[in-house]
Amino acid sequence: MTAPTDADVVPVTVNGVEVEANAGELLIDACERNGVYIPRFCHHPRMKPVGMCRMCLVEVDAGRGASLQPSCMLPCTPGMIVDTESDLTKKAQDGVLEFLLINHPLDCPVCDKGGECPLQDQTMAYGPGESRFVEEKRHYEKPIPISDTVYLDRERCILCDRCTRFASEVAGDPLIHFQDRGSQTQVNTFPDEPFASYFSGNTVQICPVGALTAKPYRFKARPWDLEEVDSTFPNPMGDRVNVQSSRDRVLRIQGVDSDATNWGWLTDRDRFSFEALSHDQRLVTPLVRGDSLGNATDDGDELVATSWAVAVERAASAITASLEAGGAESIGVIGGANLTTEAQYVWAKLAKGVIGTDNVDAQLGDGLPAQVVTALPRNTISDAMAPGSAVVLLVDDPKEQFGTLFLRLRHAAVEGDITIVELSPIASGLGSLVTVGAHARPGDVGAVARAIVDGRTDVEVGGVEPAELQAAAAALAARAVTVIVGRPSVAEQAGPIIDAIAAFTELESVSFLPLLRRGNISGALDMGLTPGMLPGRTTLAEGGEWYRAAWGTVPADSGLDTAGMLEAAVDGSLTTLVLLGADPLADFPDADLASRGLAACRTVIAVDIFASSSVANADVVLPAAGFAEGAGTHTNLEGRLSPLMQKVNPPGTARADWLIAAELAWALRADLGIESPESAWAEIERLAPSHAGATVEQVRAAHDGLVIPRPDDAGADRPAMVSFSAPVPTEIVPVDGYALRLVADRRLYDQGTIVQHCASMAHQSDLARISMHPLDAAALGVRDGDLVRVTSARASIELPARPDRCVPRGRAVIPLNRAGADVRALIDLATVVTDVRVATL
Amino acid sequence: MSRLSPENVTIAEEIIARYPRPKSALIPLLHLAQEQDGHVADDAMTHVAELVGVTPAEVLGTCSFYEMFKRHEVGTYVVNVCTNISCQLLGGEELLHHAETVLGVKAGGTTDDGLFTIEDVECIAACTEAPCLQVNYRYRYHVTNDDFDQLVDDLRAGRATDVPEHGVLATVRQRIAGDRLAGVVPPEVATEAPVWLPDPAEERAR
Amino acid sequence: MGVNSYLAHAPGYVDNEGPKIVTGRFVHEDSHTLARSLATGGYDGLKRALEQSPTSIHDIVRDATLLGRGGAGFPAGVKWGFCPPGVWPRYLVVNGDESEPGTYKDRLLMQRDPHQLIEGSLIACYALGLSQCFLYVRGEMALAQERIAIALNEAYDAGLVGTNILGTDLSVDIVLHWGAGAYIVGEETALIESLEGNRGMPRLKPPFFPAAIGLYGKPTIVNNVETLANLPWIINNGAAAYKAFGSETSPGTRMFAVSGHVKRPGVYEVEHGTTTFRELLYGDNYCQGIRAGHELKMFIPGGGSAPWFFPEQLDLPLEARPVGAAGSMLGSGAIVVMDETTDAVKACLRVVRFFARESCGKCTPCREGTSWEETILQRIHDGLGRPGDIDMLLDIADNISPGPYPTAADEANGLDAVPFPPKQTTICPLGPSSVAPITSAIRRFRHEFEAKITARELIPVEATGP
Ligand SMILES: Cc1cc2nc3c(=O)[nH]c(=O)nc-3n(C[C@H](O)[C@H](O)[C@H](O)COP(=O)(O)O)c2cc1C
Ligand code: SF4
Ligand code: FES
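Protein chains in written order, with the numbering used here: chain W, 1 to 841; chain S, 1001 to 1206; chain G, 2001 to 2466.
Rather than coming from a laboratory, the hints here were simulated on the basis of the structure.
This one's a predicted model, so the numbers in the text were calculated from it and none came from an experiment.
Glycine is no exception: its CB is placed at the ideal position from the N, C-alpha and C atoms.
Any given hint might turn out to be false.
Coverage of chain S stretches by chain G, computed from C-beta distances (three or more under 8 Å per stretch; other residues unrestricted) [as the list claims (entries may be wrong)]:
1) 1060–1066
2) 1084–1093
3) 1116–1128
Now the in silico label distances, taken between C-beta atoms and shown as ranges [as the list claims (entries may be wrong)]:
4) W:D417 x S:A1017: 28 to 38 Å
5) G:P2207 x W:S86: 23 to 33 Å
6) G:K2205 x W:K90: 22 to 32 Å
With the sequences and hints as input, model every part of the structure.
In structure tokens, the structure reads:
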């Protein structure tokens, strides 16, 4: 932020007092900033003014005499004189309120919004005592579902255009619209075309009355019964949220407007995910192997409930046994990406500093090496999308996976002067808002990036034509470039992506936003829950001494990643595996290896909130606290730290993840020296090179969070942070002319644990389908809906096909984690890409 | 009920091509749909949405704003009787009442045989010829009760040859031969002054 | 066809004596054809314009003080000057949505002389560098659409529209567009929304003129049909000749549609500013007086949106300023004459109902207020009025268009003018327009309202021809 200059400040007189407005600022906002609240219904700071409700009329003299003006549409001009309390203003506002009420039902006692309704509040504060309107009010059919999660009660609607503007302007899903005219105007969908938007829940939040209600919250609570706290949603964006509960149950999650991140928006998947928290299948007590009578016997077939003491003791003795028999390398930890940053640190300390193993991996074969991710110069989201900048997308479709980032990108593409170059193998939900779609063939993205960076754009590279290569180079030229990078397809290994990163690092002005899956993955990589790394973005080699001094011990050599651990389990060298909220059976790209690996382990210890398929086969199960059931700090893709607050108690005897680590350490006769998340944070701040200067007070105090590393030298005496070095480029795999190259990506609604434990979302996950370009489909004789057999070098699966213009030629797309067919069967992690052949049945 | 016929799709494409942005063609295309079916069917709206690249909800939003678009079947002949002030002064309401009595339906209703729909409409710009009405947007002036009865007879008997079926407005379409077309001017592409302005600088100086 | 008579092919138009600037060709049965147009000087104005520089054409129009005929009466030459320099493309939108109650002159101009309108539009495009023209015709006017379609087809074939017009550099397409029934679309920003395929809801102001930001966000000139129809004559005859007609501030002629209780209702081309209401309503050359045996009660001087006038305003000239000073407007040139048989409450209700039905629904006061006004007027008219209804009506009016309004006491003390132009709590003047008939009728005929509320008797209305 540059300091405001005189030209940016506009003097305005509000109710006789001179105040300072920012140039171009709307009068309604300037007044609010200066403590004068003007009532409003249609104005929303994140959407364009429409001036529809007329509630914000105030008397303004901008040099041509005083008159009533809607303050939500009026940019401040120097010398403006405003009277928000004059008789004229009051009369106009009372008049508008009366107009709004004449057709508004008096059902506040049964309305979800009752108690937090601006219309109700206004009426109480200023409204006429008695209605002068004696006729029958307007009537519509009572609440109608307009989507799976949202109900619309048109009688309550005051036609403020917020939901409809959100749908078209913000989400780009104009599926609800005004219909009819004049006093008959209503909001509605097209017949039989629901408001199927990933963002529909936001309309419920911004509706100023109770016209839009969310199914998961309807009639569940009265606003005055709710307790609330501002927190952070544990997704890679670190969306700011307000968590609301009643009687120790989370009942609602609302977005909080943070300039830096989500601007108040949330995806439906996150907003309604609280349904899972109170699901009756939550793990509420520790479980161990036992017999059918419920006795905890070492080799029983059942999981039986037990005490924490017994369960922790079992876990500790399994670890001790492995340590004695095979050394620290015979123990591994998979997962941890969903923990708080503090818990991640504590688990890293337990694994690396107590047990002494470096077999720790928070990513399940679908991420990027921490040595790369933590070494890249990062940007903030806002700077990445500042006017005049360029964004490269080499990541999963943000609309499907990182919804609020998608909304920010969409806004920047529509409103701002930014260019977007898409390198991901298929087009994203941004559609035509993308400046250039240079959709690289899986395996060739490194070469494509190289061609763009070097300006070698005269021949086709990796399925991208010269015209697109040139357009991409032009779109990036002379702009500050931010590469948003992740793993767009698990059927393409990380190598080509790292090659692309290496090419982009050569651009003159470039930074990165690593966008990987799983809630707090940035925290996990920062905290060293990954082989070869230690907390604070430093390596074993670089930071070993420092941590050895602090912790007592640190592994000498780099350990195994998830694939390595599972293979080691199969060959017997790894005998105890801890699953930290991880479900390799469902979530590791090689399902077969996962199942053989887990089966071969002598002991599997699972820390989780649900009994996923992997957990169901564990030997010791430790129930963990979920979102809003514990406190800590979240780290988002920018490295932004923000507080995660506790709102309710965990169910049963479930415990916070950090505490489980501390207890396990205790049972291993070690003292981690950590008593609380705060004490964990103090240690992080004291030790981690990247976190120097980020005290807990500072994190809590900053409204938009705090981005690390801090730009000072508080950490000068600490080990150096890792720096990026380009690896040997991956070899390009030739295309098999008869095959299609596989893309395995993810969609918002899938068979994932949380979605499946939310009543309003579980059924929204479609069946698996294979999509390909219509011309490819035609060449194979495949029509829409045909069942096809898809065969890779490894296996074949059967599923229905769908021709889709958005898929470039020569590629086939199958979403992961959908019912009907498991695309992972086709993927061989040993090959860079997977080619498949498709045949009709 | 029905999407646009192939012939009408050709016409629709011609119309769309005249506008800098496809959505501008929405109202003409909805008229085309109404011309085809006598009303604007849901499927036609979906089809129009595809043709101009918007959602069906947006098409319905526009369609429902304009009262000429009928979203349900109406009579072959839609009789619009004006009752606005000039006509009211000279018997417009009485004429409407007579029409309702003769046809046996209230304003807004359609006769059982599906031939007539009566509407009570706002000023149709023939105020000096009051009371007046339109049948499928063809005027009748100074309409007496007898005139109205005669009109109904004529329509029933197919004698009112100037009145096409409901949905047809102009019976001649604009056509622009390819070599005569100056070309649409898209707002984002054409950013230069047109050639016939000899010196835009001169204008700037003014 | 003789003078002083209806023309059979142009019902409503009265071919009176006086200068003819826009209706000159109406006397010909085939005035709408290209052949007739060319035979009577059609497109000469365009040719003459093309011989001069675009800026000099703009200068002529500015000099002529051609006032807009759509309602607001803003000088066209000045409005044209609001196009920001250097921003391209610019568009022309011809406002042929004529729907104001009582108004119809644009329909006749489009039906009877489409080539004159095409020529006028091309002259505007040439003068300002407008690169595409959209001719927006009201949806209900099937014949006007048809005549324009035919005229455009002829003109394209004759090289008068399209690429390299008359062999010059001027290349402009004129696209016939038509609406689907919504009065509000006549408002210029709603017209642009509608032309973009949207619901016809007015846009926020500022910007106050689409000339700055209009169609697709580009500079756009919106002019009324009659305004543009004046251009060929002005270019052919020069600004001085134009100003020789009419008054100094309102030069030229204007088309007025006089309807209601006059002997010879019709659309007249009348010298602007010199003729008075009395002459127009009573003169032999015009309407020839109130229908036999009756006398004037009130008249609407400029379309449904205009506050009403009464016999004492008859001597005002047909000129914007004095009419405005007297508290009303010439608006769209629609005069509705009502004699003593007219029920003031019923007339008021009918006009208010129009606004209630035509509100676009965007602004709360207009959406809810106009239909509430209608409800109250309806119940008063039905003999179900309540004491206090009159003041409540005025108070609701005040919330749509802040007053002050005359009270019963004012009426006793001689009349207080209705505030004009109206103040608004809304985006556009539609809602506030609904207040005009209410305040007009109540301040003059409060006793009729009271009579209905207390005596509950209907005033008999005679519904017969002139
Ligand atoms: C509610 C409303 C309705 C209007 N209807 C029309 C109309 O039907 N025709 C018209 O030409 N102008 C109409 N206008 C005026 C236009 O907004 C605009 O001023 C006019 O088209 C400009 O053309 P002019 O400058 O040539 O008069 C209307 C304005 C309002 C506020
Ligand atoms: S005043 Fe009425 S018509 Fe005008 S914008 Fe507002 S709601 Fe629409
Ligand atoms: S808040 Fe300003 S008009 Fe609604």
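Here is how each hint holds up against the structure:
no. : hint                         : in the structure
1   : 1060–1066                    : holds (count 4)
2   : 1084–1093                    : holds (count 8)
3   : 1116–1128                    : holds (count 7)
4   : W:D417 x S:A1017: 28 to 38 Å : holds, 30 Å
5   : G:P2207 x W:S86: 23 to 33 Å  : holds, 27 Å
6   : G:K2205 x W:K90: 22 to 32 Å  : holds, 24 Å
Comparing the model with each numbered hint stated earlier shows that all of them hold.
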